[in-house]
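Below, each chain spelled out in residue letters.
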Amino acid sequence: MAKDTSFLEKSRQVEPPREAYKWIGKDMKRVEDPRLLAGKGIYLDDVQLPKMAHAAVLRSPHAHARILSVDTSKAKNLPGVILVMTGAEAAEVTGPTASFASPPCPQYCLAVERVRHVGEAVAAVVAQSRYLAEDAIDLIEVEYEELPVVVDPLEAIKSTGDAVLHPERGDSNVAIERTLRFGPVDEDFANADQVIERKLRWPRVGAVPLETCGAVASYDEGTGKFTIHANTSMYNYVGWLIAVSLNVPSHRVNIIPTLAGGSFGSKLFLHKVPTLAATLARASGRPVKFLEDRLDNLMNCDNHASDRVYNAKLAIKDGMMTGISFHVVDDYGAYLQFGYGTHGNALSQASGPYKLSSLEMNLVAVFTNKCQQGAYRGFGSEVMNFLVERLADAAIEELGDDPLEFRRRNFIKPEEFPYRIPTGNLYDSGDYPKVLDEAAELLDYPGWRKKQEAARKEGRYIGIGVATCQERSVFSATEFWFLNPDEAQGFTLTSSPEGVSVKIDPTGKAMVTLHAPFWGNSPETMATQILAEHLTMDPADIGISYSDTDSGLNGTGPGGSRYTVMIAGALTGAAGKIREKLLTVGGHMLEASVEDLELADGRVSVKGAPEHGKTIAEVALHAHYFRLSMPDDPLLTSGIDATHVYDHPLTTLPNGDRTDLGVFYPIMGHMCHMPVIEVDIETGKIEFLDYVAVHDCGTMVNPMTLKGHIRGGTASGIGTAMYEHFYYDEQGQLLNASFADYLIPTLHELPVDLRTGHVETLSPFTEFGIKGGGEGGRMGAPPALAAAVEDALRPFGVKIDELPLSPRRLRSLIRAAASSKV
Amino acid sequence: MKPSAFHYEKPSSLDGLLDVMGKHGEAARILAGGQSLVPMMNFRLATPEVLIDINGLSELDYIRQDGDSLSIGALTRHNVIYDSPLVAELSPLMAEAYKHVAHTTIRNRGTIGGNLSHADPSSELPAVCICLEGHMILRSKQGTREVPAGEFFLGALETAIQPGEFLAEIKIPVRKPGVGSAFEEVSPRRGDFATTAVAATLQIDGGICQTARIAHAAVADRPARIESAEAVLEGSALDKARINQAAEIAASETEPSLINYHGDADYKRDLLRALTKRALQRASENSVN
Ligand SMILES: Cc1cc2nc3c(=O)[nH]c(=O)nc-3n(C[C@H](O)[C@H](O)[C@H](O)COP(=O)(O)OP(=O)(O)OC[C@H]3O[C@@H](n4cnc5c(N)ncnc54)[C@H](O)[C@@H]3O)c2cc1C
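In order, the protein sequence lines correspond to chains D and E. Quick note: the first sequence uses the working numbering, first residue 1, plus one each step. Quick note: the second sequence uses the working numbering, first residue 1001, plus one each step.
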């Protein structure tokens, strides 16, 4: 599509970007760090309640089986065991766990009647200690009747009968098939000079945070109320769904967040673990801690991410990309957690940074006997980036073009923003040539090309990758439902709000309450810097805490690179109200009218006469204790406090037939990754020689923490590209369900110095022009590395269509290429 | 991931160790550094009724030269060996192999005796012991016996240690003057067990290879020498072609049977070829003719 300025008028930006800032844009040390680095952070496992007991879970050894009987008598008789609960028993008191799928695909915290993947929970034990609970687990006897196992997603399309995982949804393992077309697809392909085709395979990998998922739940029989400590997010968005599962009204559940030791998406909405812990607490009459161990987490958590097989085509006319058409089969595993949201998400940036006129997607989502998918850094869009960049690289190869020139030519130009892509989503702003140029310069791209040529003469295989990718940020919620089958027409416009509460105490200190948890990112630092900027306060005078659901406002929490943008929005609203109150009270104290006052350098003072003023602390003291000394005004109450809920900055409805998905992910970040690698062609091992990543996340709130996100995200991207893979064998056994075999790259596997750069193109829609950057490098590293390895192995004519780029895979590609040459 | 219940014994002398071993028989397992045993217990792959902790037995913790042998007590920590100038001088192959063994924190606790008794087929040290034709000193109430490394490893996690016996010492022949050695490995990540590893020593005299020893790890259920490759080297001038021939033999005549996600048979053959070639090249370079 094209430039569309009509949206600029709808911008709800209150705080335009400034020329200069006092706190925003500074490398302020994280306020979270002192307690975390000193080991004083309170994580889930630190929560101890009086009389607390411990749970462990029996997991299915089979990928697909009917549960014929469960004998718990021996386990119950073990001294120290308080409760043994089977799936059938749990289902009598607790309903299905929360799911966003349509039509629904019921899942329980303990499997009922049937297990659908290895590691699915079958029964649980509550005992005096986790040790005893595991002893009792070993004593539970389960009789299974094995059912046919479906592992290959392409086979799953054909399943019938007993091989069908959810017969109540029909005699098929196809969860949904949907074709969406945007723009003149047929025309673009009919008029093409070239049509590039690629078959691609994106592997099942996962977020695998250091801390697993956990909950400590207690049930007060007197009040009928649950209290659940958990390392979940979204508790102030959809936390009430846990109450629905527990069959109690939502005001009978209070969810208290703990610090999360990493999530990367996998704790987005943690519900199976809290639902189970609460169910066990109610049944046992004891507070219950259930913290997954690594096996629990790898086999059964919400870790696993997109698992896709692509068949894709790109139309080229006069050296320009015009249309992309792809068929994708996505292996969702045994259940549907977030519906088809990961494909909705991907359509927000389906044309990458390029000017395409048409797009077509044929999606087939299938069920197989694997762990269900959850959310992981990118939520499906990182796969779309891989697809678009692989197609671009294939076109470059076929046209004999230059990787930088081809991209430059096809980029949406800086003056064309805001720009609507064929799917209907809007890209708010960007300067892609500038990001590319900066990366090329930082890397010394021409220099590396020369070194590459020289090395090739010595029989060394150096490769340089280029990937220019999008990082959409700030989701609205429409992506979660607009792909649902036609019979579910969806909703009216949905939001994904973020709230904040701010109060200034009598001594002038600010207390900020966030309504979303700490996830390993820097929410406290972001809130501190932004509020300090607004209220001209010293960051040391700002304290941050987290609400529970009893006290919480709307809070969607981190995810989809949204938190900094959204909390900036909420704080802008709240700070505006606080400033107004400070000026009003200050006006009474100074006997000046509000219009003549300003808030600057931590003081309310008369414009042009700064010596005539009061500090925030003086004003706060007055506001808290001397209200009645001021004139009567029903709006003037004691104290200084404000809450503000900020809604998604810009979203519109999809149309009925989904030929236009509307604006749903418009705050568009961008990146260029350029790795330089060398392949040892005899062993297939890859070594990093250099790595440059330049990102554009709009106004940077804290360049230092952003750099951390880029580096950490790139490390996860390197994991996906080169190391990680949840590998199920034909029987549906997860063969690498431990960190000995599921390979997360360590410091040794990463580039020694991952060099980063920034370009700031400011969003016209968000406060201060901030865009999201949380998912960072994982969105760009995989296509960049695929390109680099393909470049290194060009003499062999090897094509990289599948990840991970394990040395075994590279050797088999080289071997095949070498033998076909003979 | 919690172990099942066990009793715990901590003898304070070697005789005490033999006593408690005799008392508990096969129900007991020795606990050395715990770096392999404890994970297995946490996964409940090992459920010993009794753990006999030998960490109090400092008499098993030493590195010394005994004439032509380098003697290492079973309880000597990996990192102590790795950092030992004596080991670097008397057994450069072992010192080099240690670069590939686990991570610092694990090497701080893990012991050479625990490693060899555990007999993981993907471990580096068994291959080193085989390549260097070392001996294992086993002790029991009945006395002491010496088992050649080549007869010690019987299969994956299987050794010649009999009930009532423990591994007391590892004896490695001191490197003969001029002998070159090299250890080559590919592992999924740094510090991981090998996908494939090759250890080699070469004694070269007047450009002619007198003795060649080549051993592989992570290829079969136990490390082994690649004698057919050794044979084409011994008695020959060591040029590039000869080394390539030996590497080719190592790849074609070894049947990889330890197959997993990280390495199928074809890949392990590729690695045997590449690593044998590299190990031989380097060993010939650092041998003093
Ligand atoms: C993350 C990780 C990575 C690792 N990577 C590597 C690697 O790359 N290469 C490698 O070689 N190893 C690796 N290891 C294993 C490490 O080397 C262990 O230290 C070693 O295998 C076992 O030594 P230990 O002293 O810890 O023995 P333990 O775990 O205490 O015992 C191991 C076994 O040996 C028995 N045993 C111990 N001592 C004696 C004795 N004196 N006599 C008879 N039986 C005995 C025990 O009963 C037990 O069965 C790794 C371990 C970890 C956790």
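The hints are simulated quantities; they were obtained by calculation from the structure and are not laboratory data. For glycine and all other residues, C-beta sits at the position ideal for the given N, C-alpha and C. Possibly wrong hints are sitting among the right ones.
[To be verified] What follows is a list of derived Cβ distance ranges for each label pair: (1) Ser1004(E) with Asp45(D): 54 to 62 Å; (2) Ser73(D) with Gly1164(E): 53 to 61 Å; (3) Leu735(D) with Gly1016(E): 41 to 49 Å; (4) Ser73(D) with Phe1043(E): 42 to 50 Å; (5) Gly1016(E) with Glu146(D): 44 to 52 Å; (6) Phe1043(E) with Gly285(D): 27 to 35 Å; (7) Ala740(D) with Val1020(E): 28 to 36 Å; (8) Asp1221(E) with Arg449(D): 58 to 66 Å; (9) Ala1156(E) with Gly224(D): 26 to 34 Å; (10) Thr223(D) with Thr1105(E): 53 to 61 Å; (11) Glu1227(E) with Pro446(D): 46 to 54 Å.
[Stated by the list, open to error] Subject to a maximum C-alpha distance of 25 Å in a straight line, what follows is the list of computed SDA-like cross-link-like pairs (lysine to any residue): (12) Lys76(D) with Glu1248(E); (13) Lys74(D) with Lys1240(E); (14) Lys1099(E) with Pro1048(E); (15) Lys685(D) with Asn1260(E); (16) Lys685(D) with Ser1252(E); (17) Lys450(D) with Lys225(D); (18) Lys457(D) with Ser1252(E); (19) Lys1240(E) with Glu89(D); (20) Lys685(D) with Gly1150(E); (21) Lys1240(E) with Glu458(D); (22) Lys685(D) with Pro1173(E); (23) Lys225(D) with Ser73(D); (24) Lys1099(E) with Lys76(D); (25) Lys74(D) with Asp1068(E); (26) Lys22(D) with Lys3(D); (27) Lys1171(E) with Tyr1008(E); (28) Lys74(D) with Leu1258(E); (29) Lys1240(E) with Val174(D); (30) Lys76(D) with Arg1044(E); (31) Lys1099(E) with Ser1004(E); (32) Lys76(D) with Gly95(D); (33) Lys199(D) with Gly95(D); (34) Lys1171(E) with Glu1049(E); (35) Lys199(D) with Glu398(D); (36) Lys40(D) with Asn1260(E); (37) Lys74(D) with Ser1257(E); (38) Lys450(D) with Gly400(D); (39) Lys1240(E) with Gly95(D).
Verification of the hints:
Between Ser1004(E) and Asp45(D) the CB atoms are about 22 Å apart, so this pair departs from the stated range of 54 to 62 Å. Under the hint 53 to 61 Å, the C-beta atoms of Ser73(D) and Gly1164(E), about 39 Å apart, miss the expected range. The given range of 41 to 49 Å is respected by Leu735(D) and Gly1016(E), whose C-beta atoms sit roughly 43 Å from each other. Separated by about 26 Å at the C-beta atoms, Ser73(D) and Phe1043(E) break the suggested range of 42 to 50 Å.
Look at Gly1016(E) against Glu146(D): about 51 Å separates their beta carbons, and that is inside 44 to 52 Å. As the Cβ distance of Phe1043(E) to Gly285(D) is approximately 32 Å, the hint placing it in 27 to 35 Å holds. As the Cβ distance of Ala740(D) to Val1020(E) is approximately 31 Å, the hint placing it in 28 to 36 Å holds. At about 48 Å, the CB distance of Asp1221(E) to Arg449(D) disagrees with the hint of 58 to 66 Å.
For Ala1156(E) and Gly224(D), the hinted distance range of 26 to 34 Å is not satisfied, since their beta carbons lie about 56 Å from each other. The hint said 53 to 61 Å for the Cβ distance between Thr223(D) and Thr1105(E), and at roughly 47 Å that hint is violated. At about 52 Å, the CB distance of Glu1227(E) to Pro446(D) agrees with the hint of 46 to 54 Å. With a C-alpha separation of about 61 Å, the suggested pairing of Lys76(D) with Glu1248(E) is violated against the 25 Å cut-off.
For a cut-off of 25 Å, the pair hint linking Lys74(D) to Lys1240(E) is broken: about 67 Å separates their Cα positions. Of the supplied pair hints, the one linking Lys1099(E) and Pro1048(E) is violated, its CA atoms being roughly 32 Å apart against a limit of 25 Å. Pair hint Lys685(D) plus Asn1260(E) holds up; C-alpha atoms about 17 Å apart against a cutoff of 25 Å. In summary, the hint linking Lys685(D) to Ser1252(E) is supported, as the alpha carbons are separated by about 21 Å, within the 25 Å threshold.
Straight-line distance between C-alpha atoms of Lys450(D) and Lys225(D) comes to about 69 Å, which puts the hinted pair past the 25 Å bound. Distance check on the hinted pair: Lys457(D) and Ser1252(E) sit about 30 Å apart at the alpha-carbon level, beyond 25 Å; violated. Straight-line distance between C-alpha atoms of Lys1240(E) and Glu89(D) comes to about 71 Å, which puts the hinted pair past the 25 Å bound. For a cut-off of 25 Å, the pair hint linking Lys685(D) to Gly1150(E) is broken: about 31 Å separates their Cα positions.
Only pairs whose Cα atoms come within 25 Å are accepted, and Lys1240(E) paired with Glu458(D) is accepted, the gap being roughly 17 Å. Under the criterion of a C-alpha separation no larger than 25 Å, the hint pairing Lys685(D) with Pro1173(E) is inconsistent with the structure, at around 34 Å. At roughly 30 Å between alpha-carbon atoms, Lys225(D) and Ser73(D) are farther apart than 25 Å, so this suggested pair is violated. With a CA separation close to 49 Å, the supplied pair Lys1099(E) and Lys76(D) exceeds the 25 Å bound.
Under the criterion of a C-alpha separation no larger than 25 Å, the hint pairing Lys74(D) with Asp1068(E) is inconsistent with the structure, at around 60 Å. Between Lys22(D) and Lys3(D), the direct Cα distance comes to roughly 34 Å. Violation of the 25 Å bound is thereby established for this hinted pair. With a C-alpha separation of about 30 Å, the suggested pairing of Lys1171(E) with Tyr1008(E) is violated against the 25 Å cut-off. Simply put, Lys74(D) and Leu1258(E) have alpha-carbon atoms about 39 Å apart, too far for the 25 Å limit, and the pair is violated.
For the hint pairing Lys1240(E) with Val174(D), the CA-to-CA distance comes to about 58 Å; that exceeds 25 Å, so the pair is violated. Straight-line distance between C-alpha atoms of Lys76(D) and Arg1044(E) comes to about 20 Å, which keeps the hinted pair within the 25 Å bound. Restraint check for Lys1099(E) and Ser1004(E): the C-alpha separation of about 34 Å exceeds 25 Å, so the hint is violated. For the given pair, Lys76(D) sits about 24 Å from Gly95(D) by alpha-carbon distance, which is consistent with the 25 Å threshold.
Under the criterion of a C-alpha separation no larger than 25 Å, the hint pairing Lys199(D) with Gly95(D) is inconsistent with the structure, at around 41 Å. With a C-alpha separation of about 31 Å, the suggested pair Lys1171(E) and Glu1049(E) falls outside the 25 Å cut-off, and the hint is violated. Proximity of Lys199(D) to Glu398(D) is assessed by CA-CA distance (about 16 Å); at most 25 Å being required, the pair is judged to hold. Taken as a hint, the Lys40(D) and Asn1260(E) pair is broken in the structure, with Cα atoms around 41 Å apart against an allowance of 25 Å.
With a C-alpha separation of about 41 Å, the suggested pair Lys74(D) and Ser1257(E) falls outside the 25 Å cut-off, and the hint is violated. With a C-alpha separation of about 18 Å, the suggested pair Lys450(D) and Gly400(D) falls inside the 25 Å cut-off, and the hint holds. Distance restraint check for Lys1240(E) and Gly95(D): the Cα-Cα separation of roughly 71 Å exceeds the 25 Å cut-off, and the hinted pair is therefore not satisfied.
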